[in-house]
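Protein chains: 2
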Amino acid sequence: MKQINIGILGFGVVGTGVAKLLIEKKSLLESRTGAVLNLKYIADLNTDSDRGLDLDGVELVNDANRVIEDPDIHIVVELIGGETIAKELTLKALSLKKHVVTANKALLASHGNDLVVTARKNEVDLAFEASTGGCMPIIKTLRESLVANDIRSMSAILNGTCNYILTKISKDGSEFEDALKKAQELGFAEAEPSLDIEGHDTAHKLAILNSLAHGMEINLQDIHVEGITRVTPLDIEYARSFGYTIKLLAIGKKHGDHVEARVHPTMILNSNPLSHIDQSMNAIAIDADATGKTMLYGHGAGMMPTASAVLSDIADIARNIISNTKRRVPILGYPEDNIKPIPILPISELETRYYLRFTVQDHPGVLARISGVLGRQNISINSVNQKGRNEQGTVPVVMITHTAREEDVQNALSEIAAFDFCLSTPVIIRIEDNNGE
Amino acid sequence: MKQINIGILGFGVVGTGVAKLLIEKKSLLESRTGAVLNLKYIADLNTDSDRGLDLDGVELVNDANRVIEDPDIHIVVELIGGETIAKELTLKALSLKKHVVTANKALLASHGNDLVVTARKNEVDLAFEASTGGCMPIIKTLRESLVANDIRSMSAILNGTCNYILTKISKDGSEFEDALKKAQELGFAEAEPSLDIEGHDTAHKLAILNSLAHGMEINLQDIHVEGITRVTPLDIEYARSFGYTIKLLAIGKKHGDHVEARVHPTMILNSNPLSHIDQSMNAIAIDADATGKTMLYGHGAGMMPTASAVLSDIADIARNIISNTKRRVPILGYPEDNIKPIPILPISELETRYYLRFTVQDHPGVLARISGVLGRQNISINSVNQKGRNEQGTVPVVMITHTAREEDVQNALSEIAAFDFCLSTPVIIRIEDNNGE
Numbered sequence: 142m143k144q145i146n147i148g149i150l151g152f153g154v155v156g157t158g159v160a161k162l163l164i165e166k167k168s169l170l171e172s173r174t175g176a177v178l179n180l181k182y183i184a185d186l187n188t189d190s191d192r193g194l195d196l197d198g199v200e201l202v203n204d205a206n207r208v209i210e211d212p213d214i215h216i217v218v219e220l221i222g223g224e225t226i227a228k229e230l231t232l233k234a235l236s237l238k239k240h241v242v243t244a245n246k247a248l249l250a251s252h253g254n255d256l257v258v259t260a261r262k263n264e265v266d267l268a269f270e271a272s273t274g275g276c277m278p279i280i281k282t283l284r285e286s287l288v289a290n291d292i293r294s295m296s297a298i299l300n301g302t303c304n305y306i307l308t309k310i311s312k313d314g315s316e317f318e319d320a321l322k323k324a325q326e327l328g329f330a331e332a333e334p335s336l337d338i339e340g341h342d343t344a345h346k347l348a349i350l351n352s353l354a355h356g357m358e359i360n361l362q363d364i365h366v367e368g369i370t371r372v373t374p375l376d377i378e379y380a381r382s383f384g385y386t387i388k389l390l391a392i393g394k395k396h397g398d399h400v401e402a403r404v405h406p407t408m409i410l411n412s413n414p415l416s417h418i419d420q421s422m423n424a425i426a427i428d429a430d431a432t433g434k435t436m437l438y439g440h441g442a443g444m445m446p447t448a449s450a451v452l453s454d455i456a457d458i459a460r461n462i463i464s465n466t467k468r469r470v471p472i473l474g475y476p477e478d479n480i481k482p483i484p485i486l487p488i489s490e491l492e493t494r495y496y497l498r499f500t501v502q503d504h505p506g507v508l509a510r511i512s513g514v515l516g517r518q519n520i521s522i523n524s525v526n527q528k529g530r531n532e533q534g535t536v537p538v539v540m541i542t543h544t545a546r547e548e549d550v551q552n553a554l555s556e557i558a559a560f561d562f563c564l565s566t567p568v569i570i571r572i573e574d575n576n577g578e
Numbered sequence: 142m143k144q145i146n147i148g149i150l151g152f153g154v155v156g157t158g159v160a161k162l163l164i165e166k167k168s169l170l171e172s173r174t175g176a177v178l179n180l181k182y183i184a185d186l187n188t189d190s191d192r193g194l195d196l197d198g199v200e201l202v203n204d205a206n207r208v209i210e211d212p213d214i215h216i217v218v219e220l221i222g223g224e225t226i227a228k229e230l231t232l233k234a235l236s237l238k239k240h241v242v243t244a245n246k247a248l249l250a251s252h253g254n255d256l257v258v259t260a261r262k263n264e265v266d267l268a269f270e271a272s273t274g275g276c277m278p279i280i281k282t283l284r285e286s287l288v289a290n291d292i293r294s295m296s297a298i299l300n301g302t303c304n305y306i307l308t309k310i311s312k313d314g315s316e317f318e319d320a321l322k323k324a325q326e327l328g329f330a331e332a333e334p335s336l337d338i339e340g341h342d343t344a345h346k347l348a349i350l351n352s353l354a355h356g357m358e359i360n361l362q363d364i365h366v367e368g369i370t371r372v373t374p375l376d377i378e379y380a381r382s383f384g385y386t387i388k389l390l391a392i393g394k395k396h397g398d399h400v401e402a403r404v405h406p407t408m409i410l411n412s413n414p415l416s417h418i419d420q421s422m423n424a425i426a427i428d429a430d431a432t433g434k435t436m437l438y439g440h441g442a443g444m445m446p447t448a449s450a451v452l453s454d455i456a457d458i459a460r461n462i463i464s465n466t467k468r469r470v471p472i473l474g475y476p477e478d479n480i481k482p483i484p485i486l487p488i489s490e491l492e493t494r495y496y497l498r499f500t501v502q503d504h505p506g507v508l509a510r511i512s513g514v515l516g517r518q519n520i521s522i523n524s525v526n527q528k529g530r531n532e533q534g535t536v537p538v539v540m541i542t543h544t545a546r547e548e549d550v551q552n553a554l555s556e557i558a559a560f561d562f563c564l565s566t567p568v569i570i571r572i573e574d575n576n577g578e
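Just so you know, the protein sequences line up as chains P and Z, in that order.
Residue numbers are given in the working numbering: position 107 of the first sequence equals residue 248, and the series is strictly consecutive.
Residue numbers are given in the working numbering: position 188 of the second sequence equals residue 329, and the series is strictly consecutive.
Hints in this document: simulated from the structure, not taken from any laboratory.
Treat the hints loosely; a few may be bogus.
Any copy, or any two copies together, can satisfy a pair, since identical chains are not distinguished.
To be verified - Using 30 Å as the maximum straight-line C-alpha spacing, the simulated BS3-like pairs for lysine-lysine come out as follows:
#1 K481 - K233
#2 K233 - K528
#3 K262 - K143
#4 K467 - K238
#5 K167 - K434
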């Protein structure tokens, strides 16, 4: 039986999970692939501990270069994370004609186009199922299953930390800071959570998905990104009263010669299956022209779900090796020559519906002045909710607009925010309800 | 660019969809696969109509043998359905060393093992993504993505007709016969609906999924099958009062050296994501040891969703051909030598929880006599609901059991049914609530 030699870079949570599967599922993997998937090395700065695994036959080394430079190694698995050392080692591994499997969405989103060029030049595979959606086979689905589809839109919950926090605010009425603290206590959020809660992790994943869906160069910098730090229990309560749930969504849509790509808290109808995805679970809804609406659901992170996705890439490459082929499926789903830069619509040109909340002094004529500004900016109101004043004499005015242009909405909000009666920055949440108005 | 020649057998609904994609998505498919996917033939007894397609360059023929025997044809797409002529043509195509793509679950469930042997002998691929779950990539997910997982259980809604009818009964309180009639009017159900409503179509798909999940020979005949014809609005209402929804599920579980494989109306908790899958939609929930719980959701049937799945198989084979490889992924997910017969647990040995409904005359002591029989059969009751008598003096007695053995339950029901006070055949619905009691 053919032996495939594998080296893991990074013996952290996911690295431990991948090693665990390679060791403990050795006979299942042999039985399914017809190859011996041999874990030859694990490289990490910390080689003091075996992480509870039986590392008999595995070399635990400090120097990643030993793994990459070993001529017997077929597959390098990069699980270091980040964009510095991981980038350098990945490029070097590809240059030494190693197939690379990575879970590193930040690296792919920022430097993926370079990696693809290097992999092509060296005629090796670069696989990254674990980078997006954890155990959900979204990369394979976009690259292989939806091959005859034009992907009209993708809406996805791709960050378990944010979804946990939003669920907590929604179910318990917690304030954001308290929900974050709880998420940190339970291990759902990092001590330094900004990459998650500011939406950047979700944007990294959207950049990857958009590229695969549309055959476009990976483009992170033009994605509009807002996180969840300003979502309040009050807005979630209003959303509920209108029949909506608030989720941090990655939204990718195709419009002729450009795409939409944005990450922000989004109000979705309670009839949308994504509204039921709670706690730290992830889901990706796709609307494609042949399949219609479809959805994948699962754990988007965590040791074993992520390791499962890494193993699917390793098995794919192993099957290529024993079938004497490589680069059978293009890295980004389209052969490199067919991948084009496709422009992302500037957020100012977005057209959608909006939830707006103003905190105002309860004077006569306030509603008229707000409505006047909106009207002059061509923003038409679908519904208004003005509650009674509270003890301070302030009152929240909540509006749902018809489809409007983002630039007009932002102009109107600036104008309204400057009024004396407007007591705090207006809140704006974009709505996705596909009601085709 | 390499040209791959394709012949379709069967120009019905799905055949038309596949031809439509091959014709109208020609440039997308070339752009993604790097090959020309050339539709050379369509064979059907009815060659009078072009089904609204531009068939320029496509030969529409009456005789399927012309397609199969043409030495230029690489891929034969069998979309005739059924187990007679489709079987003969598929075996012949494989024997002539054509790769075969099929959507025919009945054929695979009944004769799949023979087809696999023939494909192996002739060193060609046999692909069937469209056979199960429509556009959902469940075949690829089981064969490729979950490769490092032991699949603990699968629960799936695999028949859109049944799910539509159950949704209709549940939401509108329709009787089964009325819901079926409505489904037929709307085109969700066939004029001859028995294959769907008796559960056999679902069983065909479960036989395929179980084989792929566990590396077992396809085994249809030992699957326990019950359809939905006896599901009543009353039972759905009771289910709701206990927090359950009734769905026709395909259930596959692994227990050491045997598997469970059964199809029947099932009560699932409203917290189970499958309980929200309504109308004609399908979904497959999988619990695997590395991924944990995951789910696929989408259209399980219909012209274009099914055609999309067929195209993913065609593209896979095309990518094999241009990569000079074949049979890269084993047909059933495991190399043929590693596929074993794994016994299916007889339904009599099933252990689960049960919903039981008895229609009885409202006499003193009736409940005691029912309970007495259940107790002697080691069936422990979790809850009882006895409503007031109706005008006829009959009363429904509803019970939810703790985990019990099917054989004991059936024995008890026979005994209870024989009592004078028992006015109709007791109703039994199995419960899946994973509450690990």
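Now the hints, each set against the structure:
1. K481 - K233: within (26 Å within a copy, 43 Å between copies)
2. K233 - K528: neither (62 Å within a copy, 74 Å between copies)
3. K262 - K143: Result: close both inside a copy and across copies, 26 Å intra and 22 Å inter.
4. K467 - K238: Both, since 11 Å and 24 Å are each at most 30 Å.
5. K167 - K434: Between. Shortest inter-copy distance 22 Å satisfies the 30 Å Cα cut-off; intra-copy 37 Å does not.
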